[in-house]
Structures are given as C-alpha cells and as structure tokens.
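S.K.: The chain contents come next:
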Amino acid sequence: MSIALLSLIVLGLAALGYLLGRQRALAAAGGDMRRLHSLPSYYGASVFLFTAVPAFLAMVLWLLVQPVVVDRSTAAMITAADVPQGSSHALVMADVRRIAAGLDILVARGMDEDLLATMRADLSDIRGRLGGVGVAVAETVSPNVFEAAKSYRSLANTGRLAMAAAVLALAVGGLLYAAFRITPDLRARNIVESFIRVLLIGASTIAILTTLGIVLSLVFESWHFFRLYPAKDFFFSLTWNPKFGGGSSLGVWPLVWGTLYVSFVALVVAVPLGILAAIYLSEYASPTVRGLAKPALEILAGIPSIVYGLFALITVGPLLRDWLAMPLGLGDSSSSVATAGLVMGIMLIPYVSSLSDDIINAVPQAMRDGSFGLGATPSETVRQVVLPAALPGIVGAILLAASRAIGETMIVVMGAGAAAKLSMNPFEAMTTVTVKIVSQLTGDTEFASPETLVAFALGLTLFVFTLGLNVLALFIVRKYREQYE
Amino acid sequence: MTDLSAGLPHAPRSLFEADARTRRRNAAEARFRFYGMAAVAVGILALVFLLVSILGNGLSSFRQTGIELQVTLDAAVLDKAGNRNPEDMKKVTTVGYGKIIGAALVEGLAGAGIDTSALTTKQVSALLSDEAPRRLRDMVLADPSLVGQTVPFRALASGRVDGFLKGRVTMESARLDSNVSPEQLEVVQAMKDHGMLSLAFNPSFFTNADASELRPESAGLGVAMLGSLYMMIIVLVLSLPIGVAASIYLEELAPQNRWTDIIEVNIANLAAVPAIVYGILALALFINFMGLPQSAPVVGGLVLTLMTLPTIIIATRAALKAVPPSIRDAALGVGASRMQTIFHHVLPLAMPGILTGTILGLARALGESAPLLLIGMVAFVKDYPSAPPQGFMEPASALPVQVYQWTQRADPAFVERASGAIIVLLVFLIAMNATAILLRRRFERRW
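One line per chain: the protein sequences are L and C, in this order. Going by our numbering, the final residue of the first sequence carries number 493, and the count climbs one at a time with no gaps. Going by our numbering, the final residue of the second sequence carries number 564, and the count climbs one at a time with no gaps.
All clues stand as given, with none of them false.
Pairs of lysine to any residue, SDA-like flavour, derived with a Cα cap of 25 Å:
no., chain 1, residue 1, chain 2, residue 2
1, C, Lys239, C, Pro299
2, L, Lys487, C, Ala435
3, C, Lys216, C, Ala243
4, C, Lys438, L, Leu482
5, L, Lys487, L, Val472
6, C, Lys438, L, Arg205
7, C, Lys438, L, Ile204
8, L, Lys302, C, Ile554
Calculated directly from the structure, the hints in this document are not laboratory data.
Pulled out of the complex, with its shape left as it was, chain C reads as follows (with noise of 0.2 Å):
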C-alpha cells in the first residue's frame, strides 16, 4: 500500500496554521462574499441616491414664494357702474387688476423704504406673476363687497424671483437672464428682509391646470391628477370583471386543450410587450380606426386595462389556485352546481388576493406614461375636464405625462414642477402598494 500523503505537494502540518493554497481559498471566499454585499449595496444605494435626488430636487415646489401686499380696489375702476354687480364687474380684465396690484407693489416698497431708484415701474411690477391679477379679479368677483376697500392680498411672485428664493437663480445667473436683472434681485433680497416676500406652502400645484412656458409658478397637478383618476376608475371597472372572469374561466372550468394553452401562452407573452407597443395599438384601433378622441382619458384608460389585464390574470389565479380543492370537494358534495361552488365559495375566500393584484395593477398602470404619450395626452391641457362620463371624452393629462411634459420646457423652473409631480405620484404609488401589503396582511390565510 503506498502511503497516499506521500503524493501530495507538502506533508501535512497542523491542522492550526493554514498553508498558502488554503489561505489563497480563504481570500477568494472573503472576495466574493464582499463582491456579493457590494452588489446589494449598491442596487440600496442607487435606490437611496435616486429618491433623494428627486426629493431634493422636487420638495421645494411644494412651497411658493408670493408677496404680502395691501390692495386697494378702487371703485372708479373696478366698478364703474356702481352697482357692485359681478356681470358688470367682469367688463375690467386682468389688465385693470394688474395696475391696481402694481400700484400697491409701488406704495408697499415705499413704505418699507426700499430704494427702487434702479429699476424702471416695468421691471418693478415684473417681480409679480402675471397669474397674480386674475386670483385677485376671481377673489374680488367671487366677493364684490371687497372693492372700495383695502385687503390684505397675497400675490405671486415670478417664477424668477421664485427661482432666487429657493436659490435657483442667483446674482450671477441673472447677469446672463433676459428675464431678471441683478437690480430686481437686490430689491427682492431687500423686501425678503423686510418680510414683505415669503415661501409659504403652494396649494395652487395640487389644483391649478398646467400653464405654459412663461409662467412657472403658476403651473399646477390638478388637471393631470384628475386625468390619471378618470383613467384609474376605468381602468378598475373594465379590467377588474374582465380579468377575473378569464381567470375564472381558465383556471376552474377550462379543459385542459390546444385553445387554453394558446390563451395561456398569449396572456404570458401580452404582460411582457413594450409599453409602447400598446400605445400603437391604441393609436391605430381606438383612435384612428374607432374614431375616439385623442387626449381622452377614455382613450388612456382603454390601453391602460389591456396592460393591466395580464397582471390581474395573473394574480388571480394565483389566488384562486391558493383556495384548497377540500373547499370545492365539500360544496360539490353538498350539492352545489359547479358555478355555485365558484362563486358562493371560492371566488368570496380568493378576493382578498384578487384585491391585492388589482391594486398593485393599478399602480403600475398608473405610473405608465409611454402608451399615452402615442394617444395625444401630451398636448397642453389648461381646463379642467367635466364630471363623467362626458368628462371621459375630453382631452385631460396624466401625472407621468405631465412629468414627461414639464422636463421638455426651458425653463428651469419646470424641473422642479416635474421632481415635484413625481412626489406626487410616488407618494400615491407608495400609498396603493401599502394598501396592497395591508390587505394582504389582514386577509391571507394559511390553508
């Protein structure tokens, strides 16, 4: 018998001190375990720099800067019939509204005592939005006993001067801006100090349409939220029934054969087509073979349920395979006919995992932009869609449209619209999903 230890390179030594091949495995082994951990870490840490650079980006358009002012509404020119009657009032436009609220700018800079020798009565009012004198013109139409008055009036400041409050623009910038000049940034530094000039929280961005290039601060959510909702509930009411009948179909009555397979394979292959794809799809057959509208949520949501319906299949029959066959067995066997048994006894056990999927779904659907940028929901939308179902047919935004349209602008003030819509839209996600992990929670049972 040879000795086996003999063939190998070195005798054995003590089992203690590791040799150099064992301590050459042990580093590959510590290399990559760290490989691994460095992997994770860094899939987290992307995710971490991602939500933080669009909180940092998009928090601030939550806040708004304005201007306090004192306003006097002058009857002469407000209400030249005297009757303080609002059909006569709507006569003077925005354009009276502006000179009275640049007048009260003038007189308010004056009697904090800041020296606005440097800028001409053009540039002064140019610190305000042109959106502040049509909220003053609804605020005083809306309550005409105001005019003859004088009221405290809060009125938006230019997305400029905006810009230099949140420190977008600064002195330098400025130097190269057609828009702004240093001068008018000095005045603003001095009424900011005044307290005249304040950020304070920015309801208009949940309620306000969007509003084109030149006026940044007034460009709000509101239509697009309301466009993703009309789509969302015909997304729900279409795709929910409709998914969890074939689901029922193929998963409890379908015999085992050629056509079901073929569904099968279908369903698969429709959850993992582009996008995109759907949004041709939608262009060719909904809007120029069916004639529907472009821009309708109606539209929107049409393609949206044909892209959620995969998922919700998927999900329910998941759920509905999650139901033991005992229960069936024991309702067969009491009598109850085949549909009886589905929808008195499986179908009720099953929902709270059919309710999950749906929303999940959803959710997905509702941070889908590609598809709706084919159908026309990027076109510029400034009024709000009526209540349905005529609303459904009216052209209307999306959140991530919205989004999509905002990063397209020059100005860099829609940046900062588009982080903060994506907020927004995260915060409803994140809301959905929570909804979905609770439900699941509270309802999943063990068989």
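Looking at chain L on its own, in the form it has when it is part of the complex (with noise of 0.2 Å):
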C-alpha cells in the first residue's frame, strides 16, 4: 500500500471520526447545545485529532526507522568473501538496495513472485535482466549479495504492510478511543487545545532538531574522514592533491587561503561602497533618491547568487582577463581569485548598506545636532560623530557579510576555477572550501573512501567558521543596541 493511499485513508478515517464526534456529543446531550461543556465542534475535533496525528507520527517514525532496522538485517547475510577487493562492505549494501529495487520493478513489470524466489544469482542473468529494466549493477551478482537483496526486498515489503497494519489500528484505535468517551461534561475545547499547544512546541522544536542534525551529520562523518585521514595532516599539510586511487593529501591550508583571499577581495569592494554608500542614504539623499536607490541596492541581495555566478563566468571574468591580467602579464585564466571576488562584492553591498543604514539611523538625531552646533560640516559630523557612535554595529554588518562570503558557493564555483594554490596573485585561479565540498561530494565516488569524507570535515570547518563570525557580529550589534536604548 503506497504512502499516499495509506495517508489518504488515515485522513478519511480522521474527517468521519470529526463528523462521528460532533453526532455523539450532539445526541449525548439530546440534542441540546446548551448542555455540552463545549462547542460541538470542539467534540469533532477531538476525534479528528485522536485519529490523525498519533497515526501520522506512527508513519514517519516507522519510515524513518524500517531502512534501519532492515540495513541491520541483512548485512550480516554479506560475509567478508563478499566484497570485492577495493570495495566496501557499504558499497555492497549499496548494491543490495539498488538489486531490491530492480526486483520490486521486475516484479510490477509482471514477473512472478513464485519465479524470483526460486531464482538464483548463480544461474540466471541477473545483471542483464535488471539492466533491461534500467537498473545498472556494476558487477555481476554474487550469491549471497543475491539473496541479501532477495531478503531485503521480502522484509522491506513485510515492513511496509505491518507499517500500514499499525497505522490503520492506531487510526481506528484513536478515533473509537476518542468517540466513546464523548459525554456532555468531556471537556473537550481544553483537549484539543493542550493537543494543538503540543503540535505547536513541536513545531518550534524543528529549529532544533535541525541544527542538532546538521552539527550531528557533519561530526559523525567528519570522525569518520579522521579515522581514515590523519587529522594532523588535514589541518597541517600544505597540499591538497586527492587521488581517487589512495595515497591522496588532503591538507586544508590552500582551500582556507582561497577562501579568505576570495572573501577579502569581495569584503575590500563591499565594505567601503557599502558603507559609503550608506552614509550617502542616510545623511545626504532627499527622500525621493533614497526611497529609489536604497530598493534597487536591495535587489542586488534578492538576485540569486547562480546569477551572479553565471556573469563572473561570462562577462566578468573574460573582462578582467582581457583588459588587466593579460596586459599585466599575471595570468591568462578567467577564473580567478579577482573575479570572483569582484562579482562576490557586489553580491554584499546591500548586506552591508542595509545593515550599516539602519545602524547609522540609530545614532540619535541630538548628537548630530550637537556636531552642527558646533560649526562642523556634515562630513565632519559623520566622520567624527557618527561613525564613530555607529561602529560596533558597522562592525557587525562586516563580519556578517563576511560569513556570507565565506559561505558562498556558486559564485566561486563558477568564477575562482578548481586549482588549489597558495598564490598571492589575485589573477590566478584558486579554488575555495565550498567549491571542494562540491567537486568532492557530486559525481560517481565511493562513498566510504576519504577523498569523499573529507567534505564533511571541510563543512565542519565552515561551519564552525561561519558561526563563529555571526555569533560574534549578533554579540556586537545586539551590545550596541542596548547603548541608545
């Protein structure tokens, strides 16, 4: 029974259990409103909720569980003599699952049950006829991966008739719960209250559960990458060379050098046109400029950034090649540190105009007004009274936006090419953190080998940077603030 039909039902099951509540509450007050605790659709409700949500939690815990608890099951069918030489015993599993799921398409192509349980890897072409049906296995089959995946599939579809077994019962057993204990006093408007004021914490709790799942993932397989990688040579080796046959260095210094000169060219075009820029809007536009400039400058943060990453890779970067790396004799390469730096640059203005304008906004009107009293130009009050009043917070909009830069990822995919160098010309290709996490993690690669877990361990150092910088930005603004508060 497919998900959707099975959650399809549940739904059914929980609007007649709705309809059911309202009649029973009805009818055990003879019919007379006045006599309930409370409103009639209260009692519906109930029901509705009793039938529905344990059933549906049911369902994703047993989704997010079964491929466990079956993995568990039938990895102790593949022996030691199954995996191939330069294999893994994951990657054989791999295989188990990928020939599952080709069974399960033979079978709905009309093949008989009766024939594939007495089929045997060593005497029927397995390989070939999966292939027919568009799953491609790398080797031909062994025995036992055979009968591994034959017992996978049986438990996998055992698993999701008892899944729907449970879930109908909990359904039927919640909505009967619920509706035979309706009586006038029930009091049901404060039940389904308390249940939707559960549904709610758990709601809120997901920002939770996220984060706690991001830094879990990252550390579990970074532990993983450490167990087979040095972690001294990761963190102190000068080279990044992988080699997708073994024998790779892995070092992260020249993907950290990328990284941070990418950002700090894109930090040295934003940060100085960004707050300019802010001053100018805030002490200096009539309302009509303002109210045009500062929009069009905050279409520039709505603009996503593969936009940005095709134009360092089409226009900009041929640009900066021809007019001046080449003239200059630095480089021949349109990928390069400096374009997409430029292009990243303009990327953050508005993150740090915006920022830095509703910051220098702030500074109370008193103090310029102070400043003017005094005989100073405007440009004086700015650069002697409020930039220095507003700085804890222009602080802050840099190091947030120079989180964004560090975590951006199209834009130098597309624009600082793939090489990883530690070269101070802004005009070679160099490569970043987050263009390796890609490179590493997308196309065919074992998975379990750590030329790919290695991406993991560069997330971890991401994310450990950008957190960082924007606990330490929010700790700044969020100080300032209090200042004129």
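Using the hints, put the two standalone chains together into the complex.
M.R.: Following this line, the structure appears as structure tokens:
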C-alpha cells in the first residue's frame, strides 16, 4: 500500500471521526447544545486529532526506522568474502539496495513472485535482467548478495505491510477511544487546545532538530574521515591533491587560503562601497533618491547566487582577463580570485549597506545637532560623531558579510576555478572550501573513501567558521543596540 | 579680559569671503558627498550591467533557427504494411525519417537554385539537427493520414547554423571548427537570403527536456521547471504550516525561559548557515541515512524547507507582533480562550504579512542551487517525472541547477541557453516578489 493511499485513508478516517464526534456529542446532550461543555465542533476536532496525529507520527517514525532495521538484518548476510577487492561493505550494501529496487520493478512489470523466489544468482542472468529495467549493477552479482537483496526486499515489503497495519490500527483505535469517551461533561475544548499546544511546541523544536541534524551529520561523518585520514595531515599539510586511487594528500590550508583571499577581495569591494552608500543614503540623499536607490541596491541581495556565478563566468571573468590580467602579464585564466571576489563584492554591497543604514539611522539626532552646533560640516559630523557611535554595529554588519562570503558557493564554483594553490596573485585561479565540498561530493565516487568524506570535514570547518562569525556579529550588534535604548 | 580673536591665526575678515581653511573644509565636504553618490551609483550600475549582460546573452535563446521544407512523406518507406496503423509505423526509426528530411532539404536547395557542389551529401544533411527527424516522426505518428502527402515542415537547424544566424559562429571560427565548415556557412547564408531559413520563437525551450552535449539546439527547460515546481509545492506545504505553528508558539504562547531563548538563538543562527551546509545535511540525513532517492524533488523540497523555515518564522513573528494587543485583550475580554483568540482573531489579521513572508521565502528557495548540487540534482535527466505523488520520488532537475549544468558544457551554445534559463528564473522571481509587494500594499494595515 503506497504512503499516499495510506495517508488518504487515515485522513478519511479522521474526517469520519470529526463527524462522528460531533454527532455523538449532540446526541449525548439530547440535541441541546447548551448542555455541552464545549461547542460541538470541539468534540469533533478532538476525535479528528486523536485519529490522525498518532497515526501520522507512527508512520513518519516507522519510515525513519525501518530502513535502518532492514539494513542491519541484511548486512549480516554479506560475509567478508562477498566484498570485492577495493570495495567496502557499505558499497556492497548499496548494491543490495539497488538490486532489491530492481527486483521490485521486475515484479511490477509482471514477473512472477514464485519465479523470483527460485531465481538464483549463479544460474540466471540477474545483471542483464536488471539492466533491462534500467537498474545498472556494476559487477556480476554474487549469490550471497542476491540472497541478501531478496531478503532485503521481502523484509522491506513485510515492513510496509506491518506499517500499514499498525498505522490503521492506531487510527481506528484513536478514533474509537476518542469517540466513545464523549459525554456532555467532557472538556473537549481544553483537550483540543492542549493537543494543539503540543503540536505548536513540536513545530518550534524543528529548528533545534535541524541544528542538531547539521551538527550530528557533520561531526559523525568527519569522525569517519579522521579514522581513515590523520587529522594532523588535514590541519597542517600545505598540499591538496586528492587521488581517487588512494594516497592523496588532503591538507586544508590551500582551500582556507583561497576562501580567505576571495572573501578578502569581496570585502575590499563591498565594505567601502556599502558604507559610503549607507552614509549617503541616510545623511545626504533626499527622500525621493533614497526611496529609489535603497530598493535598487536591495535587489542585488535578492538575486540568486547562480546569476552572479553566470555573470562572473561569462562577463566579468573574460573582461578582467583581457583588460587587466593579460596586459599586466599576470595570467591568462578567466576564472580567478579577482573575478570571484569582485562579483561577490557586488553581491555583498546591500548586506553591508542595509545593516549600516539601519545602524546609522539609530544614532540619535541630538548627537548630530550638537556637532552641527559646534560648526562642523556634515562630513565632519559623519566622520567624527556618527561613524564612531555606529562603529560596533558597522563592524557587526561587516562580520555578517564576511560570513556570507566564506559560505558562498555558486560564485566561487563558477568564478574562482578548481586549482588548490597557495599564491598571492589575484589573477590566478584558486579554489575554496565550498568549491571542494561540491567537487568531492558530486559525481560517481565511492562514498566510504577519505576523498569523499573529506567534504564533511570541510563542511564542519566551514560551519564552525561561519557560526563563529555570526555569533560574534550578533553579540556586537546586540551589545551596541542597548546603548541608545 | 583678553580678546579671544587675538589668539586666532588671522583676524576675521568678511564672512562672504571664504578663507583657505574654509575652502578646504568645503572641498572635503563636496568630495565626501561625491564619494557617497559614487558608491550608490556604482552599486546601481553593477546591477544594470549584470542585467544587461544576462539579457544580452540570453534573449536569443528564445528564438531558434528552423529550415522551411516541403517534406514528401513516402508511404513506401514510412508505412510498409500500408494500413496507416501507428503501431506498425513505429518500426520506422528516426533514421528512416532522417533520410526523408535529408532528401527534402536537397530538393529544396535545388529548387531555390542554391549551389551546393562544394558540399558532400553528409555536409548538407549536417545542417539539420539530429532532433528534426524525431519531431517529424512524432508528427507523423500523431496523424498517420499525413503519409503519402507532401507537407510543409519546419525542420530544426543544427546548433552551429543557429549560432551563425545569431552571430555566435563566424566564418573565422568555422575554419577552426570540426563541426562546421565555411562552405557550409556560405550555403546557409544563401538559404537565409532565399528565406528558407529563419529565426522564430522557440516554444520547445520551455517544453523540451535537457539534451545531450551534441545537440544544444533542442535542449529545453521543461523538466527543470517541473522539478522546481514540485520542490516549491513541497516547500510550501511543509514550511508554511510548520513555520506558522512555530511562530505562534514562540510569539504568543511561550513563556520567557531558557528553552525559548535557545530556540530563538537557534533560528537566528540557522538563517545564517551557508546553503552548502544544508546540502551536506540532506546528503547525510535524507539520502544516506533515510535512503531517499538521489535527484528526487522530495529531497530537494525537504532541504529547501529547512532553509526556508527561518525566513518564514522571522516574517510570521513580525506579522504577529504587528497585531495590536488591544485585539487580543478584546477577544479575551469577551471570553475567548487563548487558542480562540489566536486562531480566530490574531492569525487572520496577520495573514497578509505571513503570506508576503512566505512568498519571499519561496522566491529565495527557488533560486537556491548549492544544496541541490550535493543531492544529485546535477544528474542528466532526459525524461519528465510523472505526476505527483509518484513524481516527487523520480529524478528531476531544477532551474538554477540546470543553469549550472549548462555552463559546465563545452559548446558555447549552452552559455546562451544558460542565460536564457536565468532570464526565465528571474521572471519567476520578479513575479513572486511583485505579488508579495502587491499583497503588502493591498492588505497592509496601520493600527
């Protein structure tokens, strides 16, 4: 039974429960609504919630747990002899899952279940048959693997059936329980409201669960990586040279250097432009100019980074190469630190300018008036009174922009290049942490190798970096805000 | 009493005549003002330059070169059984149709009096796209009664011919190109002068799936747009209720304690986590741990939901905060419970603000590409996914990822396609943002 159908049935039952609950409440009160504790719809809603919510929760939990359990029990069927040279247990298990999925398709296309049960890997051409339905299996299928796949499939199918049964039983059970306890004195509204309250609390913990998921997946997979590859080499080596045959050197420094260099160029572009624009818009511009220019600058923040990436790739890159790098003899690569940094700087202008604008506006007018009264010009006021007062907030804005720059992916993937280098030349192609995360995790690579898992360690590095910057920025901004309130 | 002015470097003169120091200060003032203006101008110019560059590169992808031919659909070739039964006619592959179109092209060239003696037959038929026979076959199979007639057919020209008409391919570049020769281009020029060949609006850019490296002329955005649509449906269905529920709890019900503090700091931090980290989360959690399929809209939708939630929660909380407390007090005063107050009064009043925030969050999610790269959305997807809910589990592409994929290909024709795809993406984004602004204007209330 498919999940969509099961969900529909549960929803149908719940709707039925609503009608039933309402009906029973009215009947229990002898048709006189005034004798009920709550409005009739609350009685219906209580039945609805008791029918649908436990059933759906059970379904989600089951879907999360079942693959793990099935994996565990079939993994034991694969012996060390079934793992080919250069492969790993995890890869063979992936094969098992793929074959099981292929068998499902075969059955769906009309193959007999009995025939499948008697099929043996050493007698029939499993690979060819699976290939026929679009499931590619890399090597010839060994008997143990095939048996594991069959048992995987049957376990998964049994699990599905058991899930359907459990979910339906819960739904019906909840319906009966909630419907038969209805009396005119039942405090249905309170029940429904506490139920909803629990749901609301549940929704608000999703944020925590997401953070937990991010941290756990990063830490867990990074730990896998550091078991395969020495942490000392990762943190202290100066070369990045992954080889998928093994024996790679995966030093993080060339990537960190590239990231910091690109971010630095981006900030050199964005910070002066952003702050000057913010000063102009808040201190000088007429309301009309401000009303037009501020949204125009903010459009820059709303444009997706893939657009900037394409801009870097097809316009800015060739432009910088032909007009600056080649005449100066600094290189002939259109993807370079300067390209990515310049384009990223444009993207960051509104991040700096909007926040700085807010902060400059928050400086009390009395301070400006005092400065003007002493005979200072507007620019002197800005430089000597407003900016120092707004400085912590502006630093916060810059830190936030820096954290954006470090985590930005598409612009550097398309604009900065892929060569990991420790170089000072801004017109040379260099690479960043995010680029390498993408390149190590896309494409057909073996998942259990250090070359792939290094992406998680890089992700963890990136996460720690950006989180640190954000926390610092928020801390500075918050501390500052208290001064004038 | 000493005279204060005696201590000044120079005695006061007329106020109408600025001294050197005043002039310097005024000049500094003007300079500073100019710097500010220049910074704003640079930002806006960068925006304009960006848009012009994308439009200039991409607008041409909405038009495609086609060759007008009179194709004789020979019954002896296309329908050997002679019964006009599409099932039997399916036996004739595109190779058979290719020959027919090739013959029609040769005939058309001869009819127009264009000299093709410099070209081999193969070079002549290379002017046509490999896609043209497939379209003719589809057309004939859809309407078998055409067999035996001579019908007008607009055959898709090859990518290089298309590039020549759009100015991307020139005689000079053709000399270095193994796929096209200057002689071929001369014939193309003659065909153009004769009106056999023209650019026209290209609907298949919006309906076709991606095409292989060798035929950029038939690559389209259909699968990518559908994949993006599927993901947006999932994001909307999941993030709106969860986001609104979380905001209601945090804004209206939660006690001020450590736990809610942790949640709030968490949400603020999640909004600033780099997109690529969400991709890693999706890969580790949804694909490796839960075993969801790669490249599937459901995984993309889930990860984009997680990314959009902070945006929606922040917008919803602002909208809830904007509803004045007097509304709550009045509702509580006439005996409504807290939940009734929230769901019957506060939430409806906050709805425009919530919807605006949701649309803006969706627009952001629509343009997001980095996390999708990691969950396998870069795969080459040739077939449309089926209708939901089954389609949510089948491989699809997404608009921004399609752009990235096209930029990774060697043929410059794909750069044009990528820019065209960006234009489509930007049109969607502008439409969504405009809706949000309209919604805000229409329903915004000042209390």
